[in-house]
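Colleague: Residue numbers (the working numbering), protein chains in the order written: chain R, 1 to 271; chain G, 1 to 565.
A couple of the hints might just be wrong.
Said to hold, decoys possible - Each computed DSSO-like pair below joins lysine-lysine, with the alpha-carbon atoms no more than 30 Å apart: (1) G/K458 with R/K142; (2) R/K134 with G/K227; (3) R/K96 with G/K370; (4) R/K130 with G/K285; (5) R/K146 with G/K266; (6) R/K37 with G/K373; (7) G/K285 with R/K155; (8) R/K146 with R/K214; (9) R/K149 with G/K266; (10) R/K105 with G/K458; (11) R/K263 with R/K37; (12) R/K142 with G/K285; (13) G/K209 with G/K227; (14) G/K373 with R/K96; (15) G/K285 with R/K134; (16) R/K155 with G/K209; (17) R/K149 with G/K285; (18) R/K134 with G/K266; (19) R/K146 with G/K285; (20) G/K227 with R/K142; (21) G/K266 with R/K130; (22) R/K130 with G/K458; (23) R/K142 with G/K222; (24) G/K266 with R/K155; (25) R/K146 with G/K458; (26) G/K227 with R/K130; (27) R/K146 with R/K134; (28) R/K49 with R/K252; (29) R/K106 with R/K142; (30) R/K37 with G/K370; (31) R/K142 with G/K266; (32) R/K96 with G/K458; (33) R/K214 with R/K105; (34) G/K458 with R/K106; (35) G/K218 with R/K142; (36) G/K227 with G/K285; (37) G/K458 with R/K134.
Everything labelled a hint here was simulated from the structure, so no lab data went into it.
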Amino acid sequence: MNNEAQTEEIPDSTRDLDIEHDRKLMIEDLDLWYGDKQALYGVSLPIAKNSVTALIGPSGCGKSTLLRMMNRMNDLIPICHYDGKITMDDVEITGKDADLVEIRKKVGMVFQRPNPFPKSIYDNVGYGVKLHFKPTREELDKIVEKSLKRAAIWKEVSDRQHELGTALSGGQQQRLCIARTIAIEPDVILMDEPCSALDPIATAAIEELILELKKDFTVVIVTHSMSQAARVSDYTGFMYLGRLVEFDKTDKIFSDPDNELTKRYITGRFG
Amino acid sequence: MKDIDLLQKKNRKLRDFAETMGSSGLAFTGLIGLFFLSILVWQIAAPTFIDGENGEIPPANEFITESDYELEWDYPNIDSSGELTTDPIVLEISWDDGDEVHELQINVISQRDVYEDIYLNESGLSTEIVEVGRKTKFHIYSTLPQSVEVKQKSGPVPSADETGKPLVSTFVIEYDVAVLYDEGIVFEPLEILGYGTLIFLVVTFRFPKPSMLRFIQKFTGKERQLKGLFYALALVTIIAGNYSLASILAALCWILSATMSTSLTKGIERLLHSGRELSETSRLKHSISNRDGLLMWSNMLLVISTLFIPLEIYIPFLTERYQDIFSPYSSGIRAAFYGTIWVMLIAMISAIPISVGAAIYLEEYANPTKTTKLIQALVTNLAGVPSIVFGMFGLAIFVKQGGIGWGLGPSILAAGLTMGVMAMPIIVLASQEALRSVPRSIRESAYGVGCTQWQVTKDHVLPSAMPGIMTGSILAMSRIMGEAAPLVVVGATAMIVFDPEPLAGLVGGNVNFTVIPIQIYFWTSEPDPAWHSMAAAASISLIALLVAMNSIAIVLRQHFRRRLN
Ligand SMILES: Nc1ncnc2c1ncn2[C@@H]1O[C@H](COP(=O)(O)OP(=O)(O)O)[C@@H](O)[C@H]1O
Ligand SMILES: [Mg+2]
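The whole structure should be built from the sequences, with the hints applied where relevant.
Modeller: Next comes the structure, spelled out in structure tokens:
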């Protein structure tokens with residue numbers, strides 16, 4: 001009941017969703033339930049092309065849920081159902097007949113805990129490519145090398161590509177997962193707290209990489225670190241109890257947020 | 001402070017004492033166990049494997065002569081009340097060597113499917129009166145080295161079967177040197193070379209030394225020719241070895257060596273290419289692609305070869321001698337050994353794919369509806385059903401003809417399928433457990449790169465669950481290997497003096513078979529204690545087989561688990 005009272009106070013600040021960049025993804029009025037428990041309430045959010053959009057908010061507020069909607073990962077959870085519309089390049093991806101394989105090919109995902117396949121480094125990167133594009137051995141070699149280079153891990157693994165991916169350090173594993181994702185040339189890369197299991201040095205490497213990646217890809221990142229959001233993102237959305245409280249350019253959110261809740265959250269006076 | 005010090009000192013003393021007592025006690029009991037085990041083995045092995053009771057054991061191939069006669073009478077000498085109405089059938093059996101004439105009286109009785117086996121040796125017939133069913137097979141086995149003449153003295157002449165044998169009242173059991181096991185040559189030089197090459201390459205793979213690598217490096221650029229040479233050698237080995245088991249294994253060694261040498265030279269090339277030295281051997285394994293589990297298959301092959309060496313190097317008890325009803329100590333379990341191997345193979349081939357498929361369906365695909373819940377409950381309960389019940393099931397479905405019966409008869413095929421059915425619930429449950437324990441993250445990452453459900457299952461979930469599935473399968477197999485009860489029901493026989501024919505149930509032929517547990521069971525129920533020691537020897541063989549199977553499982557499991565780190 002307490003929650004109800006609190007959510008009443010949250011003003012609907014998603015009225016102004018204009019962004020300067022082209023829109024890559026558009027989420028419109030998304031409600032989502034796990035069983036009978038509602039996890040998202042009428043979320044609308046544009047994702048700008050070739051930029052980094054960060055989602056912040058206290059844990060349990062639905063950031064991961066929203067992110068996992070963008071490549072329909074939630075479809076794997078049987079009790080999850082939703083109502084609303086997501087479009088990518090003005091094509092709806094939430095319909096019943098949407099091709100999930102095609103969506104996940106276009107919208108790659110990097111998870112919170114690094115989860116490389118228990119295969120060699122080469123196969124980790126090559127697997128998805130083989131699956132979708134059936135390249136020859138030489139083409140595959142080239143793609144793997146290029147992806148590892150783009151994920152800034154080539155120097156460390158170039159002479160041990162046939163070693164297990166799971167034998168790498170945590171930060172390397174996460175970059176390997178990024179290499180695996182970009183190898184199939186997606187349009188969008190979703191990252192769910194990609195640095196939360198990493199040490200500061202590995203985190204810095206990943207952040208640098210994200211800034212590099214946005215030249216070619218659209219990046220959406222969930223993070224619990226506000227400084228990280230401030231460092232890497234162009235747009236930031238603040239979520240609270242399943243609602244998108246405020247969405248704006250990152251500079252604006254961190255310097256002069258419209259909403260009182262946002263202000264309290266980013267200044268750490270929260271709860 | 002001082003008290004604490006004292007306490008600590010006391011504590012440490014106690015701990016040290018417990019430590020030494022514990023470990024020495026363990027070692028001591030272990031030694032005692034080993035001692036008794038070796039006494040046991042000696043007690044059993046000395047008479048059976050080494051001396052034999054009289055110090056001489058003729059191998060099977062020197063004395064087995066076998067003839068199979070199907071005699072058929074149409075109620076010739078009994079009336080409906082079972083009284084004899086005509087003269088009994090009497091056969092006169094004689095052979096050159098002795099001047100004695102033996103008479104065998106055969107009473108045909110109205111019950112169906114009764115039969116007796118007659119054994120001939122120097123001391124005469126194993127029995128003088130036999131009762132047989134009116135339409136049945138009637139075996140005469142001879143252990144004599146010369147021809148035996150059989151004449152019918154009285155009674156009605158049996159009618160002929162369609163092969164025309166035997167209508168005549170006189171027939172002769174020929175002395176036939178049926179050589180049952182004549183793979184005289186143990187290892188051809190080429191075979192040894194094949195094994196040697198593979199061992200060399202495996203050792204180089206595992207523990208690379210610069211000198212070995214320099215040797216292999218010489219072949220860089222000549223991989224094609226080397227491969228061709230190895231394939232040719234494989235062919236020659238197989239032909240020269242006359243398609244024997246050893247030669248086939250050796251040919252496989254050559255083929256694996258071909259792939260392995262290519263992979264090694266490529267790896268060395270890659271190593272040098274990335275600006276490293278040959279002496280940095282620890283780097284080598286990073287540059288070798290081991291994607292097809294090359295090393296695993298090589299190890300497997302070597303392990304299997306090692307396991308099969310006993311087959312090649314002549315353990316008469318296991319692979320040479322049949323049962324000899326007259327002298328326990330010159331008996332062996334050849335028939336039972338092959339019977340067991342065939343039953344296991346058929347059980348494995350029939351049970352594992354189906355069970356793993358069922359587990360995948362239940363775990364990955366099926367929605368939890370009432371039906372799947374019911375199936376799940378049934379499977380779970382089946383795993384606890386007593387084995388004899390599976391025997392009855394096998395009897396009804398596989399053995400009997402008509403109705404739901406497949407009519408395979410009491411054959412190896414029926415036994416293997418019965419055992420397979422028995423293993424199925426165990427394998428399904430173990431596989432389900434293994435599939436369930438595959439971490440979510442693996443599935444998520446696979447779906448994340450755009451896999452379909454089938455691709456996720458076959459490329460990621462199944463490989464990760466493999467160690468568990470293997471363990472479950474091998475455990476199930478080990479369990480059914482030791483089972484006698486269901487096979488008693490299915491119809492394994494105790495006295496078999498020929499190699500079992502695995503497909504006899506389907507294509508016709510002699511369906512009779514036996515397996516090691518049944519052999520043990522029948523031998524222990526013989527009154528002569530000599531048979532008991534034979535039973536113990538057979539038990540040791542069974543245990544050895546189990547250990548062999550489990551070691552294969554361990555090799556496989558280690559391999560798959562290493563990949564999952
Ligand atoms: N698989 C699931 N089943 C049921 N409830 C879930 C599931 N995943 C998340 N939730 C619920 O949805 C809400 C939002 O979760 P999540 O999106 O993971 O939050 P965040 O990532 O912001 O910490 C939480 O209350 C959580 O308990
Ligand atoms: Mg989360």
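Colleague: Is the hinted pair G/K266 and R/K130 satisfied, with a Cα-Cα distance of at most 30 Å?
Modeller: Status holds; Cα separation ~22 Å.
Colleague: Are the Cα positions of R/K130 and G/K458 separated by 30 Å at most?
Modeller: Satisfied, since the Cα-Cα distance of roughly 15 Å is no more than 30 Å.
Colleague: Taken at face value, is the distance from the CA of G/K266 to the CA of R/K134 at most 30 Å?
Modeller: With Cα atoms ~24 Å apart, R/K134 and G/K266 stay inside 30 Å; holds.
Colleague: Straight-line Cα separation of R/K134 and G/K227 no greater than 30 Å?
Modeller: At roughly 27 Å apart (the allowed maximum being 30 Å), G/K227 and R/K134 satisfy the hint.
Colleague: Run the distance test for G/K285 versus R/K134: straight-line Cα separation, threshold 30 Å.
Modeller: Given pair G/K285, R/K134 holds - Cα atoms ~27 Å apart, limit 30 Å.
Colleague: With a cut-off of 30 Å on the C-alpha distance, tell me whether G/K227 and R/K142 pass.
Modeller: 27 Å, holds
Colleague: Has the given pair, R/K146 with R/K214, been kept, meaning a C-alpha gap of at most 30 Å?
Modeller: 17 Å, holds
Colleague: Hey, G/K285 versus R/K155, does the alpha-carbon distance stay inside 30 Å?
Modeller: Roughly 18 Å between the alpha carbons, so the hint for G/K285 and R/K155 holds.
Colleague: Can the restraint linking R/K146 and R/K134 be considered satisfied, given a maximum Cα separation of 30 Å?
Modeller: 17 Å, holds
Colleague: Are the Cα atoms of R/K37 and G/K373 separated by 30 Å or less?
Modeller: 26 Å, holds
Colleague: Quick one, are G/K373 and R/K96 close enough, alpha carbons at most 30 Å?
Modeller: Holds, at roughly 28 Å.
Colleague: Below or equal to 30 Å on CA atoms is what counts here, so check R/K105 against G/K458.
Modeller: 19 Å, holds
Hint compliance for this structure: every hint is met.
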